[in-house]
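Can you join these two chains into the complex? Each is in its own frame, and there are hints to help.
Listed below are the residues making up each chain.
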Amino acid sequence: MQILLLEMKRVVKSRMTWIPLLVAAALSVMISFSVISDAQYLSVDQDGKAVKITGMDAIRASKEQARPYEGTVTEAKLRDALAVFQNVSRKYGEKIPTAEFYNKLVPPSYFLNMIGTVYAGGGEEQDALGKVNPDDVGGFYRRRSEVLKNDLEAKYPGSQDVVRQARKLNDKVRTPFVFQDGYTSDNAANLCVLIFLLVLIGAAVVSGTFAADYQNGSDDILRCTKNGHVKFAVAKLCSSVLIVLAMFAVCILIFVLSVDSAYGWDSLRTSVQVLFPLSFLPFTVGQAQGATVLAGLLTLLAAVCFALFASAKCRHPTTALTIVLAFCILPAILHSVADGNIADFLTCVLPTGGAGISHNFFNQLNQSAFVQIGPFRVWAPYLTIGAAILEIPLFFVLSIRAYCRHQAA
Amino acid sequence: MELTLNRLTKRYKDKTAVDSLSAALTPGLYGLLGANGAGKTTLMRMVCGILSPTSGNVALDGRDTVAMGESYRDLLGYLPQNFGYYPVFTAMDYLLYVAALKGLTKGAAKVRANELLETVSLQTVAKKKIRTFSGGMKQRLGIAQALLNDPKILVLDEPTAGLDPKERVRFRNLISGISKDKIVILSTHIVSDVEYIADAILVMKDGRLVHQGRPEEITASIAGRVWECRVGPEETGRLTARYTVSNLKHEGERDMLRIVSDGKPCESAVPVEPTLEDLYLYYFSSETDPGIPGEEGNR
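Residue numbers (our numbering), protein chains in the order written: chain L, 30 to 438; chain W, 130 to 428.
Any given hint might turn out to be false.
[As the list claims (entries may be wrong)] Subject to a maximum C-alpha distance of 30 Å in a straight line, what follows is the list of computed BS3-like cross-link-like pairs (lysine-lysine): (1) W:K142 <-> L:K342; (2) L:K42 <-> W:K257; (3) L:K260 <-> W:K258; (4) W:K393 <-> L:K260.
Since the hints were made in silico from the structure, they are not lab data.
None of these values were measured; they are calculated from a predicted model.
Just chain W, with the same shape it has in the complex (with noise of 0.2 Å):
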């Protein structure tokens, strides 16, 4: 099974959302990480089909996923950024009526909705209503709703907002455990989401894929760029505001600072293996500290 995305490309009126955009995904989990405005959900919308390209295409298998239609939506779940649901129903009654649209027989729909009530711990407010549950029980009901048709490509987009540590662990465990002979596409921008689980991660910036491979291999592309040092706290203060800091630990009198920076930050500045976080805040300091002078010179 290969997913193609091929030369996808998606304007509005006045801005790209994704540019020209390839890639050939076969079964593993694709941890997608850019920041807000990166095309993540864009690009996301259009390989579920409710979104169409301005140009290009989405293939399964040589197939225009558009042209099979049915039989391809019959292979997909997906969990949208906001998670809409029908306040009316109990966790229970939309699951089984996500249950039949995805084609399943009552009797199927029931088991499944059982099971999966039980997976994301949720079997004991199955019969209350959705608009009672808080933030990170609709996200694990959101999760239910994408897996009840056990499909073969899987897209999570931001799946993990609402939960708490202990959930996102949870969820982290139970993607991992389903992955297998499953394309997941998991969109998020908490790097540690993916970091362990994913078989490979694509970076997107400006609706552009900026880099894809495996988490060491692209880690690896900024090797010699991550830096630590031990500062007093006068360094400190003109380090943090020169370069991008993706750590600071007080120790005693003096500061421990993990800099990504494309040159030596200072002296004492060593070289360390690259985190996914550090290869993040590479591309995206821009976007998540705007605030960040001479952003270009200090990578």
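One chain only, chain L, in its complex shape (with noise of 0.2 Å):
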């Protein structure tokens, strides 16, 4: 224990550690509050303008507007919806008056977006929303249960295990779905973008710690100590875990305090089908956001206790910090120019896989990827989370195990 601290109390004097952890805290800060700067309610004034409004007060005058529409999202609100749409629709053509879209259109816009999703039936949201008969809307969570298993079994056909499994999620999907204005996709895809920056800091952070030590020498002299062999190199782990750990807690929190404030608490009641309206996900938005933060940590674990590994095994920091950080940005280059199922697992299983800007956590979450292990496919959250769960022992250890055989050059 006495180890312990003291190497936290050194890590944390240094500048190589307490500087990224003020860049971790800044950058959360401006995320957090571009989220709430960056919130847009569109009007018209008297005189039919369009009018813009940003910040706190858009988020207000938002939740006002999707006032009547908010709480249970019966069969009844949705055919109202469709009616607003169909009338606005019939009466204007394609040259809807700009004030009747934003008094009109844009309050029931999520539910029109439900509706158009799972009555598409292929084509476009838009003329579907214009060809269903209000009546049909009636039907509205069996036909999308009915849609969801079609797509699944298109995209995956003659996988009965995968439409099995999403079925058992679905079923735990509560409906009627819940709806209250305030939190965005774009508020979980920051904290999306925030997480990958902490993991790249925190991984960027340990990647010297023990390479550092070899490089300058001062490892010979405390690998000689009594305690210098598997204490030492537990406490050094333990000490930089922490340290990010709290980098995390903190950066977190200052996200989901402030942007959950700002948007609502409530608001985070809202079933994540609401935004994702074909997503078998049983949570509501909050649920997705805690989900989210938690595979945030364990991605974060992951991806310092294999930077640890990597630091353990490398002579010098800079190449640790080289291989650290390709790695971390290995799952984001893999999704976005490779494709097929390798891919899709490797992106799912290397230690920052749940981490990433247009690939990560909540996106799986919210879409029905699969990928084939053997005789199985997994869902990819699952798969994402279990690879992290595996890795955060399997890098520590390996971790202890290659700095007590390090040799000194």
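Spelled out as structure tokens, the structure:
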């Protein structure tokens, strides 16, 4: 314990640690601020001119406008939303006046999106909204389950296992859905960006843990001491992990407290399906946010443990840092340039698989991606979390082993 | 207590740094002499367990030190050639940190750290960052950390590097004073560091132990190969070019030369009692001055 405390004291005192930690805190404040300040609400003034409101005013105005649709998403509410759309469309065709658009079509936009997605039948959502008989919307929830099943069968032909897994989850989705205006998918996307940056910073900070000692020669003395092997390695690993965990906790708290307070804690009750109609995730957006944070934490720990392993193996901190950063961005590169099951598999199982900008855990949660492993197909979020849970102890132990087996140059 | 080096060998790709070296060390101060590249540092690293031998082993009282693990390291104090430290630490922070790793309790660590800072004359800068220290101060701190656990086996690799003459004398006295009941291995290529305090000298060359014994014993091995002569300036030039000259002193019109050579270098040369420095030059003149021609024949 004494070694751990002294090691933490040493690490925190180092500029190589506290400068990145300050950067991380500053980034979390900046991202949180931008999420709030970028909120927009568009309306028209008395002269019929479009007016843009931003920041907290926009969030408040949007909530006020969406109030009639908030609460349980009943099929009657969906029918009303569709009727509003069809009335406006019939009256104005494609040239909807700005005032009509903002006052009548924007408030039920989430509902129209749900109807459009479920009834599009492979065509344009906009067309579907014009064609659907409002009476048919009475069977929205049943229809949604059918569309979800058909989509999965089309995407994974012959794989009844996928359909069964998705249906099992979908059966747990609470219907009718709940809608409270506020939380948007942009909030989740920004949270994922923050998590990705924290993973990068965390992994970079710890990448010199062992390698820097090898390079400056201090390791030669330390490993000759009574506790200089396993106990010292464990203390170094634990102090690195604890410092990075503290960074993650502080930064995520800054983001969650400020953003969720601004957008309204009640909006976290919204069903995920209001944002992603064909998601079979049985969560509210608040629960999805919690799961994203938890997955981010596991990804961070897996990335940090991997970085520590690389550090214990490399003689130079620069080499370790290069390897660590390459691995941090590898899932994002694979996701954007490679296609197919192997790329999907690698993207999920790499230590930083749960963090990315376009490829991230929140997106995985709301997409129906299944990865083939031998005869099985596994839902991507399960694979990402499972891999991280395995990699944390694996790389932790490998780091200790690599440190103890290290030979002086 | 006996530390045995059993046919220790360390090979790198194309170089054998330590070649089947065997020795048995009992409590006492051992001066490990050798030119740069002789294998001293590699040997010391293997003794400390931070480098695995390619073959052979180190044993303490018959027990393999690798197998002993923690219990062996508990007896060990090590100052490497390049003393690496954490620049953010103060001298006191650093000693407390190393003391924790050496298994000292917090209270004992503070007492011991203060004692040692006083011993190495760093008590006035105990709260100063190590990065502000001069080379000599860092080296003294390195010596202090090696002594924290009152080691039974103390391995010091070039400990006097960076120390001024006064500090070197202080260091010699310190080491001499603490070497009782300890195995102290002190590597150096500064002969005077060990000449008067070492109980035994180990001479390494090309990874092998070419000589070991008490200073007077091993210097006796080159008896009759050290000469002194008084010659004129012209003769001085000729002799300096041809032989290993361990000392040259101008005495008026003539020069007094001390020459290490297998044969009598000139008519007026008389054999004198060899010193450890002469022995060092006898073995390492080629490494220290590769420009000397016909080095083998000159001995």
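Checked hints:
With a C-alpha separation of about 20 Å, the suggested pair W:K142 and L:K342 falls inside the 30 Å cut-off, and the hint holds. Proposed proximity of L:K42 and W:K257 is supported: the alpha carbons are some 14 Å apart, at most 30 Å. Note on L:K260 and W:K258: the hinted pairing holds, with a Cα-Cα distance of about 26 Å set against a maximum of 30 Å. Straight-line distance between C-alpha atoms of W:K393 and L:K260 comes to about 61 Å, which puts the hinted pair past the 30 Å bound.
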